[in-house]
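K.L.:
Top line first, the protein sequences correspond to chains A and C.
In the working numbering, each number is its position in the first sequence, counted from 1, plus 29.
In the working numbering, each number is its position in the second sequence, counted from 1, plus 1056.
Simulated from the structure, these hints should not be mistaken for laboratory data.
Glycine included, C-beta positions come from ideal geometry on N, C-alpha and C.
Fair warning: there could be bad hints in the mix.
Unchecked claim - Here are the computed distance ranges between Cβ atoms for each label pair:
| no. | chain 1 | residue 1 | chain 2 | residue 2 | range |
| --- | --- | --- | --- | --- | --- |
| 1 | A | Lys-120 | C | Lys-1102 | 22 to 30 Å |
| 2 | A | Tyr-152 | C | Leu-1061 | 43 to 51 Å |
| 3 | A | Leu-135 | C | Ile-1084 | 20 to 28 Å |
| 4 | A | Gln-131 | C | Leu-1061 | 35 to 43 Å |
As the list claims (entries may be wrong) - The calculated DSS-like cross-link candidates involving lysine-lysine, where the alpha carbons are at most 30 Å apart (straight line), are:
| no. | chain 1 | residue 1 | chain 2 | residue 2 |
| --- | --- | --- | --- | --- |
| 5 | C | Lys-1097 | A | Lys-274 |
| 6 | A | Lys-97 | C | Lys-1064 |
| 7 | A | Lys-122 | A | Lys-137 |
| 8 | A | Lys-63 | A | Lys-85 |
| 9 | A | Lys-137 | A | Lys-85 |
| 10 | A | Lys-120 | C | Lys-1097 |
| 11 | C | Lys-1102 | A | Lys-137 |
| 12 | C | Lys-1102 | A | Lys-97 |
| 13 | A | Lys-122 | C | Lys-1102 |
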Amino acid sequence: MDRVSGVIPLRKDKVAVEIKEEDIVIDDNIIENKRMDRRSYVNQLKSERPMLSSHKVETFRRGLDRFKNGSLFSHAYSYPSGIELDGQESKEKIILIFRSHQITILPKFLTSVLLILVAFLVYPFLSFVNVKVTGVIFAFSLLCILVAITNIIFAVISWFYHLNIITTERIVDVDFLGINSYRVSEARIEKIEDVSIANAGVWGAMFNYGSIKIQTAGTQVFFEFTEIRDPGMIQDILRDLMELKAQGIEVD
Amino acid sequence: MDLTLFNKIITLTITGVLFLFLVMWIFILKLRIGALDRVVKTAQGKVFQGCLMIWLLICLVGGIIGMLLSLA
Chain A
30 MDRVSGVIPL RKDKVAVEIK EEDIVIDDNI IENKRMDRRS YVNQLKSERP
80 MLSSHKVETF RRGLDRFKNG SLFSHAYSYP SGIELDGQES KEKIILIFRS
130 HQITILPKFL TSVLLILVAF LVYPFLSFVN VKVTGVIFAF SLLCILVAIT
180 NIIFAVISWF YHLNIITTER IVDVDFLGIN SYRVSEARIE KIEDVSIANA
230 GVWGAMFNYG SIKIQTAGTQ VFFEFTEIRD PGMIQDILRD LMELKAQGIE
280 VD
Chain C
1057 MDLTLFNKII TLTITGVLFL FLVMWIFILK LRIGALDRVV KTAQGKVFQG
1107 CLMIWLLICL VGGIIGMLLS LA
């Protein structure tokens, strides 16, 4: 069998597509039916396959480009700088990070604002009901304010570190659990079998967020990324990446 | 038994425990960021930890002031 290998540069600095003959399924019956020699058939496949691949790579690129102007504090950010995964391989690159919609920390923020309001409104209320303001009241007001601010800090940091990462090789899910524990789950792109999205009710419809469920072939059946903004776009990116990987195309 | 003194001790204990709980919460959060930052290294990790340490000190001072106020 003749070895066919070609390198098709799509965007010189970013993407290269390598076509190998072992990836091409050659059916001898087709060659016989088309009355063409093997070499011509392989050349025909070579010319068809890059067209398909380059279209897919371009679609994948366009999906990622929507998030390229993000920052580490955005809900999604493609090709992020200043972030590195533990155990990241040399050829592996982070192509997208995404996290929950910012609106999901609003309840905690509102609770904290309410607590601060209580701390300040307690004095007019006590004077209204003719109760003497003592040092204890001052101490508990101070405690309320400090707890409220700490709650806001906690909410922002939890949101910041609740990261979902797509690299060229795998998907990674970092979750905060309980007081002092976290979970880092990962799955190879090749192991992903299905990506589905679900809307998150009325608020999800209003603010365009929902959950992404990823079914893998391994022991961990599901990955669930919850309250993700633009879940459809993330789903498209993941599907394109899966197809490119299945075709043996490396994206960097 | 001096009831006023007893009340003050109870108040001081309650406020002290609550402020200690707050400080512990911030300290645990700082530890957790440190652990997470080893898994996913971000440029902001150290800044977050530094800011949390400053906030921890502010809460410690606030706690001492609060305890003194509760005695007043």
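K.L.:
Which constraints among the numbered hints does this structure fail? Numbers only, ascending.
P.N.:
2, 4, 6, 7 and 9
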